[in-house]
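Let's have the full structure, built from the sequences with the hints guiding it.
Spelled out from the first residue to the last, the chains are:
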Amino acid sequence: MIRITKGKVYDPINGINGKELDIWVDGGKIVQVGDAPDLVAERIIDAEGCIVMPGGIDIHSHIAGGKVNLGRKLRPEDHRKDVVPRTETTRSGVGHSIPSTFVTGYRYAQMGYTMVMEAAMPPLTAKHTHEELHDIPIIDKGSYTLMGNNHFILKFIEKGEIEKVKSFISWLLKTTKGYTIKIVNPCGVESWKWGKNVENIDQQAADYAVTPRQLISILSQIADELGLPHSIHLHCNNIGVPGNYETTVESMKATGTNRVHVTHAQFNSYGGKGWADIHSKAREVVEYVNEHPNVTFDAGQIVFGDTTTMTADGPWQYRLYLLSGNKWVNADVEMETSAGIVPYTFRKKSLVNAVQWAIGLELMLLAEDPWRAFMTTDHPNGGPFTFYPQIIKLLMSRAAREEMIAQLPRRALERISLPQITREYSLYEIAIITRAAPSKLLGLHQKGHLGVGADADIAIYRENPDVEKVFSSVQYLLKDGEVVVENGIVLKSTSGRILYVDPGEEGDIEEYIREEFEKFYTVTLDGYGVPENYLERGECVSCG
Amino acid sequence: MSGVGEMNEILLRPKVEFDVPVEAEVISPDLFAEKSHEEIGSLPVFLGNRKMCLKDLFEIEGQSSTNIVLEGDFSRVKKIGYGMSRGKIHIKGNVGMHTGATMKGGEIIVEGDAMDWLGAEMNGGLIWVKGSVGHFAGASYWGSKHGMNRGMILIEGNTGNEVGKKMRRGTIAIKGKTGDFLGVGMIGGTILAFSETGERPGAEMKRGSIVLFLENCTNPPPLLPTFTYNCTYSPTFLRVYLKTLRKLGFPVKEEYISGKYRRYNGDIVELGKGEILIYEP
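Those protein sequences? They're chains A and B, same order as listed. For the first sequence, counting from 1, position 217 maps to 217 in our numbering; every step adds exactly one. For the second sequence, counting from 1, position 91 maps to 91 in our numbering; every step adds exactly one.
Don't take every hint at face value.
[What the hints assert, rightly or not] Per label pair, the in silico range of CB-to-CB distance: (1) A/E463 x B/S144: 37 to 45 Å; (2) B/C53 x A/R43: 38 to 46 Å; (3) B/H37 x A/R80: 26 to 34 Å; (4) B/D19 x A/K349: 47 to 55 Å; (5) B/L248 x A/K349: 36 to 44 Å.
These aren't lab readings, by the way, just hints derived from the structure by calculation. Glycine included, every Cβ here is placed at the ideal spot set by N, Cα and C.
Below, the structure written as structure tokens:
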């Protein structure tokens, strides 16, 4: 048994705001909070001068799978500048914007994160994704299955066979060991296979009489009917295009009252007709979110510097290649989706990048309910996850923001409202957006809090006037009740859980699609899925 | 220990014959400049995968100098002068890979041969090799946007393939034979190749100049079909370049300075603003 004592505890789910409390850990769980005269601890962690929080949860990050690996291959220069040597407890690897698997796990753990969701897993590369997730140590993981442009789903919707869509989604989640429905540029990616895209949410896909609005509406309905622990995870149409905020608001409207999570909203909150007059429409997007409790979003904040953009949104990545002139990859994933990778440098001196930077922060600061706003960089699209401490600092300090704003081009200032925003996040609110709210959004009852019975994933940070320093490196990190990081050094490389869902409503859909599947896919249906024994520590999260 | 010879200099000599490569990016005037003999000796180097001190592998004479002399066989010692910004390294023999890579200034003289990646991604300074060099001199490392981006590499012997790959600025002059893909993917800068060259010079070049003198070359390689002939003329810039090289002491024949050159522009599959100039005897 471990006793964590004298630390200031921030646990929003249980309403604890900076109170000094003892936490007792045994068998990977929290067994007691507060004084416990009967309990005897084998180890006492003295957390005096420390902040105690539940382990961080990242709800959207690209850490494993086909396109992440393709990104690694594309960018040897990214790795050269960030070489991580082997230690007695950790393996060697490389970092920066697309760290190798082991380094991904270590770096998240060193920042106090204990759970990360891979944001886009094409079903066809589900096996690959799970193989890489297996090699990411310490943290718990899950992955969202891409479905927004799946041939079967589009076909069933076109024919009006909604029950079949539902069965198929249920089957696909179970088969790929996915966690929820990920939708990327619905219908647009399908059109991209014909060299086209969709420009608004009422335009049909190139070869199916289905509109993005229909698709978003039906899939969000199904997610709720299946009782998935997390809502649909939506990457809206027209990403990165000036004037796209209207599409974003329309997409949220399309779900009616069903739950929807709009991801990396920063990339979807632009006003203007072109790059020349791009400006922030964060306020318009957040207003809708504020008024509709079914909607959640994450920021997709950008960080100035060099990174690698990667998304299933092939047409957008092609546009980004044309804009940047950088090297690029665009890939087609058979009947399911596509992928694109383009290295990109966000520059302070660039007007467009400056506006993008401000929009992400505006979204977070204007959101009234911290339980529905999440801090992400859409790693590595906006910037590597290792910059989270910097973003926390910007959210918590207006002075830090002003320091950055002073470095932006002056022309950018009239296009953003960030300089006028006075709000500063408190530590309690930071604990909400990075711990409590993500666990609630993912429907995980045993995570994101420090109540009795919760998983003992606990991050202990040393207090410091510089918030960025606080969150850069943990003093202690407990994962499943074991101290795995001490003073920023990884002591032990444990293996995390893989969380997935099985809604159990697939019926006989597998046999129904078999003939068509075998005809058009390059793999057999039996070799397609991820079997149970593929997961070292698989854990099925219940639906409903 | 005081300075050896006329100037204050630091002398390094290998203690043994290396059977595995040594990584010694610490052999750099920037690091030696203000260090005592003791401090220089304890700088870290890798012998294969073993971390050791400089003094374990080399005899060291002198201290606190930006003037380094290397004697003996350094052909297995990598990264000498890596990223250096000033001073001089005089290598009295052969030297290993990555010599002078990413250097920003200063001077490296190699009396013998140099291996691959000589002056890769360098940003300034001068490298002069009396012998031959391997592949990728002045090139970009894998994945990088550009290679050499200022500075000068002068080679009196022959070179391997892909010399000046993706170079952005600067000058490379090669007295001897050059390998295939000379100046592949060039973005700018000038390459002067006095003797024969291999296949496909200037493939995928965007801008920049490759000058081929084709001395003693009986069978010159055909240019890629994506290069087109423009005219025959006597470029002014080339006269300036050649006279500068001569001033530095690099051998240049008189007839090249006043001679005529056929100009081809390419590579048309890329930007097409590059040029290959071929000396017309």
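Each hint, compared with the structure:
1. Between A/E463 and B/S144 the Cβ separation comes to about 42 Å, which falls inside the hinted range of 37 to 45 Å.
2. About 39 Å separates the C-beta atoms of B/C53 and A/R43, a value consistent with the hinted range of 38 to 46 Å.
3. Between B/H37 and A/R80 the beta carbon distance is about 33 Å. The supplied range of 26 to 34 Å therefore holds.
4. About 51 Å separates the C-beta atoms of B/D19 and A/K349, a value consistent with the hinted range of 47 to 55 Å.
5. A hinted range of 36 to 44 Å holds for the C-beta pair B/L248 and A/K349, which are about 38 Å apart.
Violation of the numbered hints given earlier is absent; every hint is satisfied by the structure.
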